[in-house]
Amino acid sequence: MADTNPASVHTTPNPKGGWDNQKNGRKLSHHNTKDEAEKQGREEARQSETEHKIHNKDGKISESNSYGNDPFPPKG
Numbered sequence: 001m002a003d004t005n006p007a008s009v010h011t012t013p014n015p016k017g018g019w020d021n022q023k024n025g026r027k028l029s030h031h032n033t034k035d036e037a038e039k040q041g042r043e044e045a046r047q048s049e050t051e052h053k054i055h056n057k058d059g060k061i062s063e064s065n066s067y068g069n070d071p072f073p074p075k076g
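So in the UniProt record's numbering the end of the sequence shown lands on 76, straight run, no missing numbers.
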């Protein structure tokens, strides 16, 4: 999985159970349910003004939301 923004918050399944939020390869939090992890991941992404990528149980990204400054449409 290639990610162009390493500061993105990723909500991913934990192989030992539950769900984790990670940023820059470091675990931010662990939750028992995906819903809890998504809520916390969304808040972290908003505070960091970055993307929040939510993964399925198979590890594939199912949803991506951006909370930073979106320069589109370009000026001019």
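The hints are simulated quantities; they were obtained by calculation from the structure and are not laboratory data. Hints are not guaranteed to be accurate.
In silico EDC-like cross-links for lysine to aspartate or glutamate, where the CA-CA straight-line distance does not exceed 20 Å [claimed, not checked]:
hint: 1; residue 1: K23; residue 2: D35
hint: 2; residue 1: K34; residue 2: E51
hint: 3; residue 1: K16; residue 2: D58
hint: 4; residue 1: K27; residue 2: E49
hint: 5; residue 1: K23; residue 2: E51
hint: 6; residue 1: K27; residue 2: E44
hint: 7; residue 1: K60; residue 2: E36
hint: 8; residue 1: K23; residue 2: E38
hint: 9; residue 1: K27; residue 2: E43
hint: 10; residue 1: K34; residue 2: E44
hint: 11; residue 1: K23; residue 2: E43
hint: 12; residue 1: K39; residue 2: E49
hint: 13; residue 1: K34; residue 2: E63
hint: 14; residue 1: K16; residue 2: D35
hint: 15; residue 1: K27; residue 2: D58
hint: 16; residue 1: K60; residue 2: D35
hint: 17; residue 1: K34; residue 2: D58
hint: 18; residue 1: K16; residue 2: E43
hint: 19; residue 1: K39; residue 2: E63
hint: 20; residue 1: K16; residue 2: E49
hint: 21; residue 1: K16; residue 2: E38
hint: 22; residue 1: K60; residue 2: E38
hint: 23; residue 1: K57; residue 2: E38
hint: 24; residue 1: K27; residue 2: E51
hint: 25; residue 1: K39; residue 2: D20
hint: 26; residue 1: K23; residue 2: E36
hint: 27; residue 1: K23; residue 2: E44
hint: 28; residue 1: K57; residue 2: E36
hint: 29; residue 1: K23; residue 2: E63
hint: 30; residue 1: K27; residue 2: E38
hint: 31; residue 1: K34; residue 2: D20
hint: 32; residue 1: K16; residue 2: E36
hint: 33; residue 1: K16; residue 2: E51
hint: 34; residue 1: K39; residue 2: E51
hint: 35; residue 1: K57; residue 2: D20
Computed spacing ranges between beta-carbons, pair by pair [as the list claims (entries may be wrong)]:
hint: 36; residue 1: G68; residue 2: G17; range: 17 to 23 Å
hint: 37; residue 1: S29; residue 2: E63; range: 28 to 34 Å
hint: 38; residue 1: S48; residue 2: N14; range: 28 to 34 Å
The beta carbon of each residue, even a glycine, is placed where N, CA and C say it ideally should be.
Taking the hints in turn, this is what the structure says about them:
1. K23 x D35: Between K23 and D35 the Cα gap is close to 18 Å, so the pair holds against 20 Å.
2. K34 x E51: 17 Å, holds
3. K16 x D58: At roughly 14 Å apart (the allowed maximum being 20 Å), D58 and K16 satisfy the hint.
4. K27 x E49: Distance of about 18 Å is within 20 Å: holds.
5. K23 x E51: At roughly 10 Å apart (the allowed maximum being 20 Å), E51 and K23 satisfy the hint.
6. K27 x E44: 12 Å, holds
7. K60 x E36: 19 Å, holds
8. K23 x E38: Distance of about 13 Å is within 20 Å: holds.
9. K27 x E43: Within the cut-off at roughly 15 Å; holds.
10. K34 x E44: The hint holds at about 15 Å.
11. K23 x E43: Given that 20 Å is the threshold and the Cα spacing comes to 13 Å, the pair holds.
12. K39 x E49: At roughly 15 Å apart (the allowed maximum being 20 Å), E49 and K39 satisfy the hint.
13. K34 x E63: With a Cα-Cα distance of about 13 Å, the restraint between K34 and E63 holds, given a limit of 20 Å.
14. K16 x D35: Distance of about 17 Å is within 20 Å: holds.
15. K27 x D58: 18 Å, holds
16. K60 x D35: 17 Å, holds
17. K34 x D58: 13 Å, holds
18. K16 x E43: Not satisfied, since the Cα-Cα distance of roughly 24 Å exceeds 20 Å.
19. K39 x E63: 13 Å, holds
20. K16 x E49: 30 Å, violated
21. K16 x E38: 18 Å, holds
22. K60 x E38: Holds. K60 to E38 sits at ~15 Å (cutoff 20 Å).
23. K57 x E38: Measuring from Cα to Cα gives roughly 13 Å; hence the hint holds.
24. K27 x E51: 16 Å, holds
25. K39 x D20: 11 Å, holds
26. K23 x E36: Measuring from Cα to Cα gives roughly 17 Å; hence the hint holds.
27. K23 x E44: Cα-Cα ~9 Å, so holds.
28. K57 x E36: Holds, at roughly 15 Å.
29. K23 x E63: 16 Å, holds
30. K27 x E38: Satisfied, since the Cα-Cα distance of roughly 14 Å is no more than 20 Å.
31. K34 x D20: 8 Å, holds
32. K16 x E36: Roughly 17 Å separates the two Cα atoms, so the pair holds.
33. K16 x E51: 25 Å, violated
34. K39 x E51: The given pair, whose Cα atoms are some 14 Å apart, holds under the 20 Å limit.
35. K57 x D20: 12 Å, holds
36. G68 x G17: 17 to 23 Å: 32 Å, violated
37. S29 x E63: 28 to 34 Å: Violated, since S29 and E63 (Cβ atoms, about 18 Å apart) do not stay within the stated range.
38. S48 x N14: 28 to 34 Å: Given about 21 Å between the Cβ atoms, the range is violated.
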